[in-house]
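Using the sequences plus the hints, can you model the full thing?
Protein sequences appear in the order of chains A and B.
Mapping to the working numbering: the first sequence position 38 is 56, numbers consecutive.
Mapping to the working numbering: the second sequence position 61 is 191, numbers consecutive.
Source of the hints: derived by calculation from the structure; they are not laboratory data.
Take the hints with a grain of salt, since some may be wrong.
[To be verified] The list that follows gives simulated cross-link-like pairs (lysine to any residue, SDA-like), each with its CA atoms no further than 20 angstroms apart: (1) K175/B / E113/A; (2) K81/A / D186/B; (3) K95/A / H117/A; (4) K95/A / G62/A; (5) K81/A / V178/B; (6) K175/B / K126/A; (7) K175/B / G79/A; (8) K182/B / P170/B; (9) K143/B / V168/B; (10) K81/A / A200/B; (11) K182/B / E97/A; (12) K175/B / F98/A; (13) K182/B / G194/B; (14) K175/B / A187/B; (15) K182/B / D82/A; (16) K182/B / A149/B; (17) K182/B / R77/A; (18) K126/A / A66/A; (19) K40/A / H162/B; (20) K173/B / E107/A; (21) K175/B / S204/B; (22) K175/B / E107/A; (23) K81/A / Q189/B; (24) K182/B / R106/A; (25) K182/B / G79/A; (26) K182/B / E152/B.
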Amino acid sequence: MSTAHEQIEAKVKSSDVVLFMKGTPQFPQCGFSAQVVQILDYLGTPYASVNVLETAEMRQGIKDYSNWPTVPQLYVKGEFLGGCDIVREMFQAGELQTHFEQAGLPVKQAAPN
Amino acid sequence: MAMEANEIERLIKAALPDASVEIRDLAGDGDHYAATVVSPSFKGKTRVQQHKIVYDALQGQMGGVLHALALQTSAE
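Listed below in structure tokens is the structure:
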């Protein structure tokens, strides 16, 4: 039985884009998580997701792992990118698309101007 | 449990005395806020670092008492 820390690390290292969220992309259980799902779906970049509500260890573990107090949290190529506000700000500024492209990840849509 | 807007502002200003802080109560329920924090000390810092400074100023309330604080930060 691995710890939450090990599970998180394995997930972050095995997927290019991972969203730690409340609920699932199909059924987000928090408005902030839903916003990030919307943005990722809009960009069309494939991503893995982890529902932190499934276990108390994961819910607290991700906050400790990132040293970040809130969920959702987006990881790109093993790096913590930010929470909902940062992802939204970057998306609106066109920086998220650029970030994905520079990381060699597919992006479906052009940035809205 | 909710937190007063002026308490949020007080904590942020205590940690960042040079910051201009604007808090908006989004839903009128004392529980969903948006904060804009502008501080010259953010210069040269990434967004993650800027948000982290504000979260740290809130002394652990973020993610706990304060579930919903939409945060926007900028250096100018």
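Cross-check of the supplied hints:
{"no.": "1", "hint": "K175/B / E113/A", "verdict": "holds, 16 angstroms"}
{"no.": "2", "hint": "K81/A / D186/B", "verdict": "holds, 13 angstroms"}
{"no.": "3", "hint": "K95/A / H117/A", "verdict": "holds, 11 angstroms"}
{"no.": "4", "hint": "K95/A / G62/A", "verdict": "holds, 16 angstroms"}
{"no.": "5", "hint": "K81/A / V178/B", "verdict": "holds, 14 angstroms"}
{"no.": "6", "hint": "K175/B / K126/A", "verdict": "violated, 30 angstroms"}
{"no.": "7", "hint": "K175/B / G79/A", "verdict": "violated, 26 angstroms"}
{"no.": "8", "hint": "K182/B / P170/B", "verdict": "holds, 15 angstroms"}
{"no.": "9", "hint": "K143/B / V168/B", "verdict": "holds, 11 angstroms"}
{"no.": "10", "hint": "K81/A / A200/B", "verdict": "holds, 18 angstroms"}
{"no.": "11", "hint": "K182/B / E97/A", "verdict": "holds, 16 angstroms"}
{"no.": "12", "hint": "K175/B / F98/A", "verdict": "holds, 15 angstroms"}
{"no.": "13", "hint": "K182/B / G194/B", "verdict": "holds, 15 angstroms"}
{"no.": "14", "hint": "K175/B / A187/B", "verdict": "holds, 16 angstroms"}
{"no.": "15", "hint": "K182/B / D82/A", "verdict": "holds, 13 angstroms"}
{"no.": "16", "hint": "K182/B / A149/B", "verdict": "holds, 15 angstroms"}
{"no.": "17", "hint": "K182/B / R77/A", "verdict": "holds, 19 angstroms"}
{"no.": "18", "hint": "K126/A / A66/A", "verdict": "holds, 17 angstroms"}
{"no.": "19", "hint": "K40/A / H162/B", "verdict": "holds, 17 angstroms"}
{"no.": "20", "hint": "K173/B / E107/A", "verdict": "holds, 17 angstroms"}
{"no.": "21", "hint": "K175/B / S204/B", "verdict": "holds, 10 angstroms"}
{"no.": "22", "hint": "K175/B / E107/A", "verdict": "holds, 15 angstroms"}
{"no.": "23", "hint": "K81/A / Q189/B", "verdict": "holds, 15 angstroms"}
{"no.": "24", "hint": "K182/B / R106/A", "verdict": "holds, 16 angstroms"}
{"no.": "25", "hint": "K182/B / G79/A", "verdict": "holds, 18 angstroms"}
{"no.": "26", "hint": "K182/B / E152/B", "verdict": "holds, 17 angstroms"}
Comparing the model with each earlier hint shows violations of hints 6 and 7; every other hint is respected.
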